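**Student:** Line by line, the protein sequences give chains A and B.
Okay, so the first sequence: first residue is 1 according to the working numbering, each after it adds one.
Okay, so the second sequence: first residue is 1001 according to the working numbering, each after it adds one.
Please keep in mind that the hints were generated in silico from the structure rather than gathered at the bench.
Quick caveat: nothing in here was measured; it's all calculated off a predicted structure.
Heads up, some of the hints might be wrong.
[What the hints assert, rightly or not] Listed next, the in silico DSS-like pairs over lysine-lysine satisfying Cα-Cα at most 25 Å (straight line):
#1 A:K269 to B:K1158
#2 B:K1158 to A:K264
#3 A:K30 to A:K368
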Amino acid sequence: MRSVRLTVLLAGLLAAPVGASAQTLTIASKADIRGTNPGVNRDGETDAVAFHMVEGLVAYQEGGTVGPMLAEAVELSSDGRTYTFRLRKGVKFHNGAEMTSADVLWSWNRYMDPKTDWRCRSEFDGRSGIKVEAVEAPDPHTVTMRIDRPQSLFLDSLARPDCGMTGILHRDSVNPDGSWKAPVGTGPFRFGEWRRGQSVTLLRFDDYAALPGKPDGLTGGKRPLVREVRFLVVPDPSTVKAGLQSGSLDAAEVPDSDLAELSKDSRVKLHIGSTAARHAVLFQTTDPLFKSAKMRQAIAAALDVNEIVAIASDGRAKANGSTINMRSPYYSAVQARGAKHDPALARKLLAEAGYKGERIRITTNNRKSVPSFNIAVVIQAMLQNVGVAADLEVVEWATHMDRFLKGNYQVMVHSYSSRLDPALSFEHFMGPKDKQPRKVWDDPEAQALLEKATAISDAEERQKIFDRLHERMLDDMPLLILFNPIDAWATTRRVEGFTPWEGSARAWETSVRP
Amino acid sequence: MLRFALNRIAMAVPTLLIMAVSVFALIRLIPGDPASLMLGDLADPVSLSDLRARLGLDRSLPEQFAIWFGNVLAGDLGRSITSNQPVLALVLERFSVSAQIVVAAVLFASLVAVPAGMVAAWRQNGPLDVAVVALSTLLLSIPTFWLGLLLLLLFGLKLGWLPVVGYVSFGEDPWRALLYIVLPVATLFLHEIGVLVRMARASTLEVLRLDYITHARAKGLSEGAVLWRHAFRNAFGPTWTLIGLVLGNLLGGIAVVETVFTIPGLGRLLVDAIFARDYPVIQGCLLFVAFTYVMVNLVVDLLYPVFDPRVALE
Chain A
1 MRSVRLTVLL
11 AGLLAAPVGA
21 SAQTLTIASK
31 ADIRGTNPGV
41 NRDGETDAVA
51 FHMVEGLVAY
61 QEGGTVGPML
71 AEAVELSSDG
81 RTYTFRLRKG
91 VKFHNGAEMT
101 SADVLWSWNR
111 YMDPKTDWRC
121 RSEFDGRSGI
131 KVEAVEAPDP
141 HTVTMRIDRP
151 QSLFLDSLAR
161 PDCGMTGILH
171 RDSVNPDGSW
181 KAPVGTGPFR
191 FGEWRRGQSV
201 TLLRFDDYAA
211 LPGKPDGLTG
221 GKRPLVREVR
231 FLVVPDPSTV
241 KAGLQSGSLD
251 AAEVPDSDLA
261 ELSKDSRVKL
271 HIGSTAARHA
281 VLFQTTDPLF
291 KSAKMRQAIA
301 AALDVNEIVA
311 IASDGRAKAN
321 GSTINMRSPY
331 YSAVQARGAK
341 HDPALARKLL
351 AEAGYKGERI
361 RITTNNRKSV
371 PSFNIAVVIQ
381 AMLQNVGVAA
391 DLEVVEWATH
401 MDRFLKGNYQ
411 VMVHSYSSRL
421 DPALSFEHFM
431 GPKDKQPRKV
441 WDDPEAQALL
451 EKATAISDAE
461 ERQKIFDRLH
471 ERMLDDMPLL
481 ILFNPIDAWA
491 TTRRVEGFTP
501 WEGSARAWET
511 SVRP
Chain B
1001 MLRFALNRIA
1011 MAVPTLLIMA
1021 VSVFALIRLI
1031 PGDPASLMLG
1041 DLADPVSLSD
1051 LRARLGLDRS
1061 LPEQFAIWFG
1071 NVLAGDLGRS
1081 ITSNQPVLAL
1091 VLERFSVSAQ
1101 IVVAAVLFAS
1111 LVAVPAGMVA
1121 AWRQNGPLDV
1131 AVVALSTLLL
1141 SIPTFWLGLL
1151 LLLLFGLKLG
1161 WLPVVGYVSF
1171 GEDPWRALLY
1181 IVLPVATLFL
1191 HEIGVLVRMA
1201 RASTLEVLRL
1211 DYITHARAKG
1221 LSEGAVLWRH
1231 AFRNAFGPTW
1241 TLIGLVLGNL
1251 LGGIAVVETV
1261 FTIPGLGRLL
1271 VDAIFARDYP
1281 VIQGCLLFVA
1291 FTYVMVNLVV
1301 DLLYPVFDPR
1311 VALE
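Same shape as in the complex, but just chain B (with noise of 0.2 Å):
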């Protein structure tokens, strides 16, 4: 297993590698830049050149690569163009804003849509699957941003039970800081159900018109004991990949539902650093969240022999 992790890990550094290239290389290409659009249209030649000169921006492309390239391989990302904050502690601040968040929204919508799409299969073409499939349908296809200003508006200002603005961590009010994470939790939750229920859903279908289970229908084992005992831990290898790749999408950035309800996270801090032209901070949020990528998929891959002894590691 150590072997494989390692190796895992060796593969990822040519990605990341080429990530930061191609991410230092992009950025530029785009019109605009962070001196221009500090100054806005007050910017006269002398204060933008002097602006571009302290920012090293009026250095050639190879040599400003060079010197953040070699600093981030010393595990420093730079500092931002906007704020001067160090750009590692930036993103690991709100990244751990995101991930309280992504974490508890997906490990929630986890629990209830394996249960839930292994059942609707169980009960194919019955009411209930008729209902789980429409109801996971139905919160695929609304838009986050307003699934999470619905939830706002009803939550928030109608009923006045949770806050409308605003954010509090953990670390300073434990209490409050659940009530203020409640709405984006259930925003990601809802919306990521609609997704794993019909993959659990497919799986479970197909690991169920399989010859052993019949052998164990056959058996006379209860349907519980065919499902839980025998059909699960089949079934759920693929939505295992799954959950992986949606938590590693979501931890990237969940820009919009941070935007609707003022958390302070990573995506916010993406966005605003694109709009801004904040290079530092671009390219190392990218770079992070690349990592983190390949670190959660690293995690899945490790765990997904406990649940499919038929992989083994290689």
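So that you can see chain A by itself, here it is in the shape it has in the complex (with noise of 0.2 Å):
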């Protein structure tokens, strides 16, 4: 009798629990946030949460290309210079007050100033990339802005997540002082309650203005159909996996190595899809070993890349020699083609660079979220068959960083963020080495093909020009792609209509049977 009494007792103590209520959309997060301040403190789990509480005037689509979001319209002006945005009308912060053209402006103005801390600041001032000479506001429903030069990246920049996809913002999200208080934007969720370490909450934002339509990357139909979003911190993937088999959570990503058991289990849904990150090798084009463009293409040959990739994805990804995703508009014929594994090539091609035996340092790291480490086994014993002795340097994530920005590697097998437009793509490891040790591939050459690539507008001079950069980087070699990683997150049965996108959640069009 005591046994049942205790039993009632404790039922009725779980009554409340967490993520249980048909209006609560409970989702895993690896981490907790950094802030709430779009843009400036940040890292992917902090963009996942913020965009959706603030948006931009334009916004990454589904295959990676820019669309408007607050902006009906964008005109571009004939010397490819002004951008004219052409403000949606009736939009609503969370406090009430509709959007116009001074609060793009305010926004503009408050990223720009020094004590923002914005990390996107540098791309916008000159400094890094483009400027920004004017921002101007003609009418309540107009932005114009003048850049110092053409360049095909600008809304792509504007759209980044990492620079809180420029959000417009109301005053009332900081305090008189300027200080910042909390976000007041346009999303579909309102910024709740942030316990520290725990978990963040949004709440419905029940006057969003929502685009007509499906999801479509950050933008397209955005609807909240729960009345409360909680991402909850939970930094083990085992208890993760409990938590969705036992209903505690509503959402996760999942790690590779649980999707077979995951897959057999009637409690979740699986969601698999692909994110435009790239695991590949580099390779360190100013060590003496790798400076031969041979030896390079030698380890390229040695590698079977199939093999690599179904290994580490446990078959689930697909193969991608290219920078570019292969959702993207950009993914064409010649950017399929890839490295060839032939054993017989690479051994010719080892005594051709003078390879006398040496032992090569393959480092990586140990981070669970990526297939790094397992990559780099299966390198290891490859390149054993074509006579190729090399160590591993495994080392944690921190090292593992600051041995790529410095360059302080001879092959290292790492992750590249996703980047969407193949420009920026091709951007994150082409540049000059003595300015930016990161830098993986410094050819002037290429580089200048880059630059034009990103001055002009024209999507079939931009294929040429990508679809060449990628036949000259297969010949010189400075970096073997390898693929794109699955993404690869898991459901209870009473959720519906989640769609992940590049590897973060997106809680719009979502909705929880109780």
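Once you've looked at the hints, go ahead and assemble the two chains, each given alone in its own frame, into the complex.
**Tutor:** Quick look at the structure:
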């Protein structure tokens, strides 16, 4: 009898558990957010929460192109330097105020103020990229931005999630002294509560002005169908799995290693896609051994990329030797070409490169969320088959990043984050090594091609440039791109409409059955 | 007693100073800095340089240390680089979460382990002794993360009796808070019992061999009186010291248990700070942990004469 009473008591206490309400969507987050100030103190987890609350003039669409968000339309002047944004009418902020061009101007000036510490300020003030010369609001629903030279990536830069999407904020987001308070944006959810180290709760914005249609990247249909979204910090993957299976969590990103088990579990549904991130093998072209293109080509020929990808992704990903992701409109037949596995050719090239049996060092990391370590182990074995002795140097993530940024490696298994425009994707690893040691491909002719691609807007001309760059990259082999990682999420059966994007949850257009 | 306590605190000051210098230097010897981690692989030289200047990382190391240590002496442990929160407030908040789990676990473990160890020693080599030793060895051998996961899967997932993820503080809802800390407390309790039982048993065995115990039995006292009135106070001393060491050690962070049970405690704060190279938080956490360790062991030493009057505070 006592045990029955205890069970009833416990059941009663658990009657209002985490995530059980049909109006709350509980999403697992690997780490706590860093802040609520978009584009200031951020990381991937922080951006994933921010883009539920704030929106910019433009946003990334599904294939990696940029489309209108708070702007209804964007016009470009004939000289390619003046962008005119026609703002949507009737869009409200979370405090009920209607968005006008004055808010856009205020937000922009705030971002460009050094005191704000916006991480993307140098992209727009001429120090790293273009310079925005003037921003004007000729009427309440029009904003113009003039840049110092034509640049096809200007809208991409505005849309970048790590820049906070250059989100348009109301001035109630800051205190009277200008210090940050909380985001008052136009997104489908508004800021609710942040319990540091534990969770962030967002509340439905009932007056959200949704665009018609389905979700399309960070734009498109974004109706908030649940009353509350709770991002709960759950760092351990085993606890995440238990949370999904018990129903305490509604949605979570899951590691590849759990997919086989979860696919057989009737309590959860899997959502598997791919991202524009890239796993790659980098060669340090200033290293005495790897400054020879033949040596790099030899290593590439020694590797069976399809097998590496199958092992690293449990058979779920496809090899992609291009820096352009397969969902991009720029992914052409040329981009589909990759390095060929040919051990005999590898041995021939090794001899031509003058390889005398030196041991090579492959640097990788032990971060659980990427398969870098597994990839390195497979590469080591494949190199052994062609007579190349390799040692693995496994370091933790911060040390790996330090080595990467300083170019302090011989061969490195590295993961690049997503960059959706091909020019940005190439720029990620192309550039002068003396100024930026993190760059992998230092080729002035290729650099000139890339600069042309960033200046022009014509898609066909850009495609030709990207195809030439890809072919040149395969010839020179400064790095060997392997594949785009899969993006695996699991939800409980009562969750409907959930579609992740680029490794992040999208809580809009998602409902939870009671 | 007051003079003893003040002497011990004074002796801790050089320890804490050496600790501060060592932690400051060692963490900066590890490759990577918070600026490069915050910007990631999109770090261009201009943004990196801006951020390093804002974080004060462009100053020389002696200058950085002087600024930080000067603030510490004024009671300011600085601000977290990742969250911009005051480090002292952050550390105290997280410590209070860890402390409630650790204190509860060690208290329950002591209440069970000491009698169990003493009874096992009293019945040395008998079935009860063998069972206690075997069980304590088993519990000691199981890694805490695995034990925690097993408990989580059994009581959280299989039986559905206890929550699997999340945390509620006592201030918010005491009853629900109890449910959330049962499993982490049980995990630590089971592990520490193994440690404490063995010490209690060993010290009791030593005391039971002494002449005065033989004398007590010869006087005709019952075994209960011999054990609890005569043997206990002398046998408990070493176990009491061990309890202090265990408490001090665990209060420094139970990162693995906190990770498995999603508890926002001090251990997770420190581990996350190390991975993020959040220097002020790492330095603040470790200084706080060292200070706590000193204080806990001071209290243990001050209470020692209560159990063993032969020991005088000098």
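**Student:** Indicate, hint by hint, whether the structure satisfies it.
**Tutor:** To see whether the hints hold, each was checked on the structure:
1. Using a Cα cut-off of 25 Å, the hinted pair A:K269 and B:K1158 holds, with the two alpha carbons roughly 20 Å apart.
2. For a cut-off of 25 Å, the pair hint linking B:K1158 to A:K264 stands: about 17 Å separates their Cα positions.
3. A distance of roughly 11 Å separates the Cα atoms of A:K30 and A:K368; the hinted pair therefore holds under the 25 Å criterion.
This entry satisfies every hint, going by the numbered hints stated previously.
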